[in-house]
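In the order they appear, the protein sequences are chains A and B. If you're matching positions, the first sequence starts at 1 in UniProt numbering and goes up one per residue. If you're matching positions, the second sequence starts at 1 in UniProt numbering and goes up one per residue.
Some clues are possibly wrong.
Only some residues are given here: those of chain A computed to face chain B with a beta carbon under 8 Å [to be verified]:
hint: 1; residue: Leu-85
hint: 2; residue: Ala-90
hint: 3; residue: Gly-131
hint: 4; residue: Gly-197
hint: 5; residue: Glu-204
hint: 6; residue: Gly-217
hint: 7; residue: Gly-237
No wet-lab data here; the hints were simulated from the structure. Using N, Cα and C, we set each Cβ at its ideal position, and we do this for glycine too.
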Amino acid sequence: MKVMAQMAMVMNLDKCIGCHTCSVTCKQAWTNRTGTEYVWFNNVETRPGQGYPRTYEDQERWQGGWTLNKRGRLQLKAGGRLKNLATIFASPKQPSIDDYYEPWTYDYENLTSAPLQEHTPVARPQSLLSGEPMSIRWSANWDDDLAGGPELAPSDPVLAKISEQIKLEFEQTFMFYLPRICEHCLNPSCAASCPSGAIYKRTEDGIVLVDQDRCRGWRKCITGCPYKKVYFNHRTGKAEKCTFCFPRIEVGLPTVCSETCVGRLRYLGLVLYDADRVLEAASVTDEKELLDAQRRVLLDPNDPAVVAAAEAEGIPRDWIEAAQRSPVWKLISTYRVALPLHPEYRTMPMVWYIPPLSPVVDAVAKTGEDGEDRRNLFAAIDALRIPVEYLAELFTAGDTAPVTDVLRKLAAMRSYMRDLAMGRDGDASIPESVGMSEHTMREMYRLLAIAKYEERYVIPAAHAEQAHGLEELATECSLDYEGGPGMGGSGPFGEGSGPGFASPIAVENFHVLQARQTSGTVADPATRKAKVNLLNWDGKGAPEGLFPPAAGEEDES
Amino acid sequence: MSTLLWVVYPYVCLAVFVLGHVWRYRYDQFGWTTRSSQLYERRLLRWASPMFHVGILAVFLGHVMGLGVPESWTRAVGMSEEVYHALAISIGTIAGVCTVLGMILLIYRRRTVGPVFSATTRMDKAMYLVLAVVIVLGMWNTIAGSILNLGGAYDYREGVSVWFRGIFRFDLHPELMVDAPLGFQLHGLVAMFLFALWPFTRLVHVFSVPLGYLVRPYVVYRARDQRLGSRAPRRGWERVDARR
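Work out the full structure, taking the sequences as your base and the hints as a guide.
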């Protein structure tokens with residue numbers, strides 16, 4: 001047994017209202033640069049829908065993830081190592097910009113510089129790739145809320161697995177949102193596809209990162225990732241992906257998408273897993289066994305044998321304790337309500353989802369029946385075959401039993417807690433009917449409904465408690481000067497090349513950010529000249545550089 | 001003059017080539033990439049890029065054979081002049097045609113596809129120009145010199161190759177290049193210039209052929225960077241590993 005720690009996430013889909021706050025804040029924090037206009041480390045998809053990039057789940061077309069070869073051994077779906085290298089000059093399975101969308105801006109200048117004319121001047125859209133005027137045809141999540149459902153939704157690869165007759169019925173019944181980030185898989189196929197070995201999994205917390213200095217732009221990772229969550233920065237020629245906001249995680253702050261989530265639907269925590277069993281679990285023959293195999297790879301942090309093994313591997317004590325308090329572990333293994341996205345890709349994804357019950361409740365309520373009653377809900381879960389089948393295609397490789405199980409638990413919790421809320425005694429038979437005790441059911445309710453910040457995000461800080469706030473105090477941030485690489489300029493060999501280019505990590509030092517956010521007093525961001533990061537601005541004072549210097553006022557530099 | 005052109009100039013170019021790469025590798029890891037433009041356009045690239053790359057790799061191997069291997073060696077293994085010549089011409093022409101066709105398509109694509117053109121740096125344009133001139137001159141030497149026999153027969157293995165090997169053995173023969181046909185002279189000069197330009201262009205990706213991929217384990221694990229923040233610690237402020 002080789003115990004390793006993994007930072008993981010669970011999202012409760014019942015709570016997602018599709019507001020895209022996570023996407024927008026993530027974009028502001030990480031991908032608001034040239035070359036990453038089309039890059040959404042976090043995106044929210046409407047289901048049923050095509051997803052982003054369009055139809056990425058159709059692995060027969062995109063060849064992402066792993067598959068078993070004839071001898072039953074795990075192999076990249078896009079082909080073995082030699083084939084991978086042989087297709088290096090023009091990667092054959094690769095989304096083009098049309099599968100994402102062509103990024104654009106507007107010709108705002110025209111609004112002020114147009115000559116006097118009869119008609120109001122307009123700001124025409126301009127391509128950010130070619131600079132030419134363009135017509136906007138597509139963007140991230142344009143199948144939002146089933147707009148154009150009959151034309152767009154049928155191209156959903158997940159829906160295509162469900163039969164024709166069901167489809168029509170399905171569109172009338174049910175829609176939900178699916179927020180997605182990188183899965184930070186235990187068996188990452190992007191890393192396995194990378195010819196340069198630039199993508200790596202961190203041993204401490206399992207976060208999968210791209211080494212920007214070692215990436216040579218072969219783009220194989222984009223083919224390899226079945227979730228299409230590695231993107232190609234077309235200006236720097238390097239691959240970029242969701243970082244799990246590692247600079248924040250390292251100091252104990254949740255990721256930006258979690259921090260800003262309006263519905264508070266995200267949970268962050270550690271899980272311990274047995275690295276020796278990952279390959280074996282990913283190679284299970286029957287796809288429907290993959291969910292259980294993946295659950296079994298995770299280790300019980302309360303088991304003394306696991307704790308001893310973890311300590312032997314050098315995992316710090318506070319990390320083990322954090323794993324014991326982990327909401328993610330509880331949702332996956334104790335309550336067993338969280339399911340991984342597409343386990344059939346065999347990458348062992350580590351962002352899990354609690355499937356939504358609300359469509360079922362809505363369907364019951366529409367009939368005029370009591371949508372909180374356990375019997376009605378149970379009956380509806382069994383009767384509404386389509387949503388269950390659709391969810392099963394997403395989360396359990398098509399096996400409806402685990403999905404039904406989760407939905408019944410959520411339904412039972414709903415009706416059990418209603419009794420308590422109405423001042424009645426809890427009906428012990430309700431938790432029993434889904435194999436839970438009254439106590440566990442209340443605990444689960446607490447975690448799902450009213451858990452506070454500290455319970456939702458259990459993040460042990462990394463062990464590097466040294467010179468935390470110091471590192472950027474005395475130095476200018478070299479990428480922030482006007483026209484410098486940090487401002488989207490070009491080095492001598494193209495975007496971002498040249499000396500002093502720092503990978504776009506810390507705009508404000510995250511230790512400083514944490515200190516400021518928890519200090520409770522009015523504090524300016526550090527006085528260094530920097531790009532003003534409004535995301536990190538807590539509204540106290542005015543960060544330097546937010547407003548241009550007043551007339552006559554000298555620039556201090 | 002002949003010493004300047006055929007001794008000093010090649011050494012300067014090759015020195016720039018070597019030192020330039022060392023310098024760029026240390027100075028600009030982040031800029032060291034293929035700068036792929038497949039995201040913008042794929043239909044032309046899908047044919048042109050493999051055609052060009054496979055062609056140019058074959059051309060490279062041909063040059064290793066032609067310039068690197070002395071005539072006495074091939075004769076020693078029993079390969080007659082005619083057989084060698086026929087082989088070199090046939091394989092060389094096929095490879096050359098692939099390379100030239102691929103290159104024409106790639107340059108056409110780069111000029112006409114809007115996003116690709118706007119992602120082209122000035123350095124790229126200079127590099128494309130020099131590279132194209134080298135390839136066209138080389139192709140011309142093969143067609144005009146060896147196939148059509150314009151301007152009489154010239155055995156480069158007795159001339160250019162000896163001069164080229166001499167550069168590395170410090171056995172200098174500028175006179176051999178002075179006697180060579182103009183096409184070979186120009187090809188040599190521009191190729192040397194390309195070498196000097198090489199480390200400062202996207203051509204550096206040639207040295208990143210990921211052969212290590214064939215032998216390394218699939219998933220790479222790495223410990224968290226012990227460095228905090230995004231820049232190197234100042235001298236005297238390096239972290240101390242307390243556990244050791």
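Comparing the hints with the structure gives:
| no. | hint | in the structure |
| --- | --- | --- |
| 1 | Leu-85 | 6 Å, holds |
| 2 | Ala-90 | 4 Å, holds |
| 3 | Gly-131 | 6 Å, holds |
| 4 | Gly-197 | 5 Å, holds |
| 5 | Glu-204 | 5 Å, holds |
| 6 | Gly-217 | 4 Å, holds |
| 7 | Gly-237 | 4 Å, holds |
Every hint from the earlier list agrees with this structure, and none is contradicted.
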